[in-house]
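**Student:** One-letter residues, chain by chain:
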Amino acid sequence: MARTSATFSSVHFDQRRSLVLIALGLITAGLFVAAGAVARLYQREEARLAQFWFTRGQQALSEGRAEAAIGEFRDALAYSHSDQYRLRLAQALIAAGRSEEARAHLLTLLDSEPGNGTVNLELARIAAQRGAVGRAAQYYHNALYGVWQDNPEQARRNLRFESAEFFLQHGDATAAESDLIPLAANLPRDAAQHARVAELFLRAGDAERALAAYRTALSINPNYLLALRGAGAIDFRQGEYRDAHHYLELALRGDPTDQQSRDLLQIADLVLKLNPFEMRLPAVERARRAASAFSIAQARLTACATRSDIDLHDVAGTSELQKVYSDGRKLGTISEHVLQRDTDRIVVVMDWVAAAEDAASRLCGPASGADLAVMLAAKQARR
Amino acid sequence: MNEHDTASAAINGEIGLTAETLARSSSHLRSAGEDRLFLLLAILTGLLSGSAVVLFQVGINWARIALLGPALAPAWPRVVLAPALTGIVVAVLVLHLFPRVRGSGVNQTKAALYIYNGHIPFNTVVGKFICSALAIGSGQSLGPEDPSLQIGAGIASVIGRWLRLSRDRLRLIAPVGAAAGLAAAFNAPITAVLFVIEEVIGRWTVGVLGAVVLSAVSSVVVERWFMGSEPLFRIPAVRLVNPAELAAYAALGVAGGLASLVFVKAIAFFRPRLRSLPRWTQYLQPALAGLLIGLIGLRFPQVMGSGYTYIDEAMHGQYTWEILGILAGLKILSTSMSFVSGTPGGMFAPTLFIGAMLGGAVYGVEHHFYSNLTGSVGSYALVGMGTLFAGFLRAPMTSVFMILEVSGNYSIILPVIVSNAIAYLISRAGQRTPIFDLLTRQDGLDLPSMEEERELPVLRVENAMRPVSGPVLRAEESVEEALEAIAAASQELFLVAVRPRGWRLLAKADLQGAFHAGQRARPLLDALPAANLPLLHPDNQLDLALRELGDWPLLPVVHRADAARLEGTISLTDVLTAYRKAGIGE
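Just so you know, the sequences run in chain order U and A. Residue numbers for the first sequence follow the working numbering, beginning at 7 and rising by one. Residue numbers for the second sequence follow the working numbering, beginning at 6 and rising by one.
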């Protein structure tokens, strides 16, 4: 009987346990639901507070109050570890000049979003500030091929501009061009942007592409002063004086105070008037110009020799001026009439003009006015 | 007795026999069922503890918003008054309603395990929840992890009592709950499991480990379900470019070890002195601590509360190294004040804070002299957290895994190990007794110290066994041959090798008896006891030898690769002699 009652007591014990287990299960479920409800309630409040501080931070930043914005974004981040908040905090820190702190936040963001365009761009800027050229280049590259949420086309264009600027500042024209070439091919119809690209090409030493970009800008806006000046200057440097004259004239019309264009135009004008190698010139005019160029160069040589106290007639003299003068005398009499009859001598004469002007420039300072014009005309013929 | 009575007795006998069989089967089933039930309870405990810790964390945050306001830098009246006035409320609650909620909760859980058979009253759970949430939320410099540990342990204890678990199970379920609570608080199951095993239970067994892991995982599932699975701290990956930089982290270990010592000594010095003051002062001590912390908080609000937000800021270079150093020092001061005043709350979070600030400060100093350091302030702050954890709490294994878990950053492991080890050794050299053991001894309790137990010399069979002396017989030998072999021997007992791997014991008297009974040609095998002796190996722990010896006067010690190869013998006397020599039990 004792054994039987022990067995029944055991059964009762097991039944009790089962009931307790069921009760525990219900309590667990109840507490789970309660915890979930409370947690959700708090998370809503957290999100509200985070958004509140974030909005205040955005406002402060837009008003230029970077330090205040930092505090607001920190508060927002305390309630929500949102990457967006962390990024804005980093940008506020950058605005406040606290780049190192910003860098720490950006590196954290980079860990979770290695392809984020904005993050990589900000890191590139910080690296550039610190002088870490290689690292900056890498971040620029990553930013270019990264993810951009808002207006990715525009963002990448701006990025290429900035990146090219960076490389040019550090003397890497090749790297700069690797950004500029695709940039030029993908710009919208905006004369200012094309002109900006042209400037950068010029700084990279690629005059051809710079000229092409200026011309594109002018095709969009024929009166765009920057492009007119730029195209005129490039054409002038390349010896395309007729085109240069055209652009520079238009540039001056748009801005009469542009002294640089005025000077270039003046020279271009003179070249067009004095250059015996201009196309479709009658033989008489060609000969006249050549003879005139010879006289101008000869006068410059003489004036320079006088100023430098050099006797051009001293056949034993070793100075460059004396040698050039001696070469000139060997050409014999140079006149319109002579050159009309012997047009081949025009080339020889212009070669001498170039040499004379060069020699005089080296001794007596750069040529100007008609001297410069004849020198440029003569050198153009050599090309 | 008539037929009816006989039949009745037979029937009753049948019933009794059946009942007995049922009871035996039921007992067997119950034992197996208890194991399964325990694992089920581990999961339930985890789910309950996880939910409770979620509520606890939300409670702290709500308290903070209500008492200090939503901004990181609260208005000055709140900063000064909130911790002070809340301190009075907490003191009243502790002294009148919840007397067992003082302290961090770790020692209280150990006390429940070793002294009170796993009993933690439910009102302790409620009291810890309310008082710690108020204290931490109001800005007292304490953390939520230790209270979470005690809350989890308390929930487990209640479950165990409701289900009337055996005493052994009841003792074990409290640490199972503790692991669940800590895992949810840290969002780090491995850390919790290791800490409970390293610091609370002190041993590994399959059953305990299984239950602890299940409960920790269950609670973390709940925690992440509601609070997300982001790691506590996010820092960029660290690459140790030059191994020589480990020297820089070693310097951090030295600084961390010294800071740990200062922290421990401060608590050890002030706590008993404040406790010995008149009872009426205990109503004011938390308030006074709160007021002082509030005054510090006017200039350095970072020292208030658990400080996790500011740890993240420190990792992102928001502060100069001078400020970081100041914050580390002030946090030691404020946490000491909060803790010794009896305010309920934990020391884990402040320890991490101090470590992070100290790590950042050390980085700043080192970077000033060696600008080529490849680590960042974040990496040094992270390592610093582990360093203080190892030096102050003296849980070196847990501290390494904790850093990996809370940051999700494996690349930091080498610096963590180096720095933690150095801090741990310095802390041990300067303060023999770890902080938790120190606190229990100050409270007049004699709880086992896990660190001290780990330090106990491990005695093995090889420390006690004696070389083989006298002849070793073989089972194939005849009685006569055996007697000849042992003729010159002085001992009474002889080992007999029984192929292929067995050993048995034979007394000389039995052999002589067999001889005189005319069995001289009989093989020894027939004269031996039926069962082989239990075998021991030289590397077995002496504890095992004690259990195996039982009633055997002598046992063989054999080679692990060849059981037929006798290394020595061991007896109970040998074991006791070895213990006496080691000074154990004196």
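Honestly, the hints are just simulated from the structure, not real lab data. The beta-carbon is built from N, C-alpha and C at its ideal position, and this holds for glycine as well. There could be a bad hint or two in this list.
Away from chain A, derived, C-beta distances all over 10 Å, residues of chain U [unchecked claim]:
{"hint": "1", "residue": "Ala29"}
{"hint": "2", "residue": "Ala40"}
{"hint": "3", "residue": "Gly77"}
{"hint": "4", "residue": "His111"}
{"hint": "5", "residue": "Val153"}
{"hint": "6", "residue": "Leu208"}
{"hint": "7", "residue": "Gln265"}
{"hint": "8", "residue": "Arg286"}
{"hint": "9", "residue": "Ala305"}
{"hint": "10", "residue": "Ala387"}
Pairwise CB distance ranges, derived in the manner of DEER restraints [unchecked claim]:
{"hint": "11", "chain 1": "A", "residue 1": "Leu90", "chain 2": "U", "residue 2": "Asp89", "range": "49 to 59 Å"}
{"hint": "12", "chain 1": "A", "residue 1": "Tyr288", "chain 2": "U", "residue 2": "Gln155", "range": "38 to 48 Å"}
{"hint": "13", "chain 1": "U", "residue 1": "Ala53", "chain 2": "A", "residue 2": "Leu263", "range": "38 to 48 Å"}
{"hint": "14", "chain 1": "U", "residue 1": "Phe19", "chain 2": "A", "residue 2": "Leu263", "range": "55 to 65 Å"}
{"hint": "15", "chain 1": "U", "residue 1": "His87", "chain 2": "A", "residue 2": "Gly588", "range": "51 to 61 Å"}
{"hint": "16", "chain 1": "A", "residue 1": "Val97", "chain 2": "U", "residue 2": "Asp20", "range": "26 to 36 Å"}
Which stretches of chain U does chain A cover? Using the computed rule of at least three CB atoms under 8 Å from a CB of chain A, they are [said to hold, decoys possible]:
{"hint": "17", "segment": "139-152"}
{"hint": "18", "segment": "169-177"}
{"hint": "19", "segment": "338-344"}
**Student:** Any hints from earlier that this structure breaks? Give me their numbers in increasing order, please.
**Tutor:** 1, 2, 3, 4, 11, 12, 16, 17, 18 and 19
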